[in-house]
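Participant: Sequence:
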Amino acid sequence: MNLEEESTKGSLTLTNLRVPLKADFLVARAKQTVPEMHHFICIVYSGANVFVTNVLNTDKDLKNGFLDFEFGVRLPELNSDFSVIVHIYDLITMKTQIKKTPKKTPKKHKSTMKSPSVRSPGGPNAVLSTSFQLNGIFNINISNYYKKSFKLENFSFNSPLEGVINMKTELTVEHNYYKEGLLDVCDASGIRWNLRWVVLKGHQLGFWRFPEDVASKSALGSINLEEHLMSAENKEVSQEWAQHISRALNGIRIWNSDTVKPYRIEEFDELLIALD
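In full-length UniProt numbering, the protein residues as written are 1 to 276.
Hints may contain errors.
[What the hints assert, rightly or not] Computed list of lysine to aspartate or glutamate pairs in EDC-like fashion (alpha-carbon distance at most 16 Å, straight line):
(1) K179 <-> E240
(2) K95 <-> D59
(3) K201 <-> E174
(4) K201 <-> E180
(5) K31 <-> D59
(6) K179 <-> E236
(7) K22 <-> D59
(8) K148 <-> E170
(9) K9 <-> E77
(10) K9 <-> D81
(11) K151 <-> E162
(12) K95 <-> E36
(13) K168 <-> E70
(14) K63 <-> E162
(15) K60 <-> E36
(16) K148 <-> E162
(17) K22 <-> D90
(18) K235 <-> D184
Derived by calculation from the structure, the hints in this document are not laboratory data.
Construct the complete structure from the given sequences, taking the supplied hints into account.
Facilitator: The structure is reproduced here in structure tokens:
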């Protein structure tokens with residue numbers, strides 16, 4: 001694990017899990033030509049944690065062509081290489097028609113028969129197999145968490161499912177970097193430099209005139225590590241601050257895909273030529 005992962009953690013929230021069904025299945029169901037009923041359940045794996053949705057079936061729970069699972073979970077303390085795996089399973093049962101017959105009231109009598117006890121064929125510690133069949137898998141990671149629809153892998157084409165799962169995802173990131181010390185901060189004009197007491201907390205730099213002002217006064221200003229120039233009193237201090245700021249910037253770039261990435265010298269020269 002690198003320094004950025006130690007200082008930066010993410011929390012992923014998953015809600016609104018919706019599963020669309022195929023159009024031909026919906027048509028056949030409307031014509032009442034589907035003899036079977038499908039029961040679906042989703043299982044979410046995140047590291048050692050396992051989360052299970054409720055079970056929905058295509059006979060009673062289908063709404064506007066979707067199965068809407070009552071599901072919501074927040075996954076905290078994630079590293080940037082997190083992987084959340086979702087499985088969806090299907091159990092098929094046949095619909096039965098029960099004929100209504102007149103009810104008869106049985107006469108009360110004492111039974112002399114005793115029901116024999118039924119033992120598991122594998123013994124008391126046997127693990128029973130399930131009739132649920134895997135219909136598909138998809139993975140959520142830092143490169144695709146923002147998507148609204150996820151394509152199922154290992155998908156069973158005989159399934160009534162469309163082959164995708166819709167889900168609302170929200171990723172929040174906490175940058176836990178902290179560093180404080182003296183730095184020269186350049187103002188907007190780029191001419192005047194002022195010695196300030198600077199505190200790096202997360203991805204924000206706040207600066208005060210004196211160290212004791214931090215606890216009692218609001219910051220003179222704060223910057224988001226963009227479009228500012230700073231210098232230190234000597235090379236050692238400069239290198240120390242550069243290391244901490246680089247860690248913060250690298251963490252921001254890992255978690256925020258739309259953040260501006262640094263240019264190589266050749267790329268920067270090409271950019272300047274293009275701007276001329």
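Participant: Does each hint hold? Answer for all of them.
Facilitator: Against the structure, the hints come out as follows:
no.: 1; hint: K179 <-> E240; verdict: 10 Å, holds
no.: 2; hint: K95 <-> D59; verdict: 9 Å, holds
no.: 3; hint: K201 <-> E174; verdict: 10 Å, holds
no.: 4; hint: K201 <-> E180; verdict: 9 Å, holds
no.: 5; hint: K31 <-> D59; verdict: 13 Å, holds
no.: 6; hint: K179 <-> E236; verdict: 15 Å, holds
no.: 7; hint: K22 <-> D59; verdict: 15 Å, holds
no.: 8; hint: K148 <-> E170; verdict: 10 Å, holds
no.: 9; hint: K9 <-> E77; verdict: 5 Å, holds
no.: 10; hint: K9 <-> D81; verdict: 10 Å, holds
no.: 11; hint: K151 <-> E162; verdict: 9 Å, holds
no.: 12; hint: K95 <-> E36; verdict: 5 Å, holds
no.: 13; hint: K168 <-> E70; verdict: 13 Å, holds
no.: 14; hint: K63 <-> E162; verdict: 15 Å, holds
no.: 15; hint: K60 <-> E36; verdict: 13 Å, holds
no.: 16; hint: K148 <-> E162; verdict: 15 Å, holds
no.: 17; hint: K22 <-> D90; verdict: 15 Å, holds
no.: 18; hint: K235 <-> D184; verdict: 13 Å, holds
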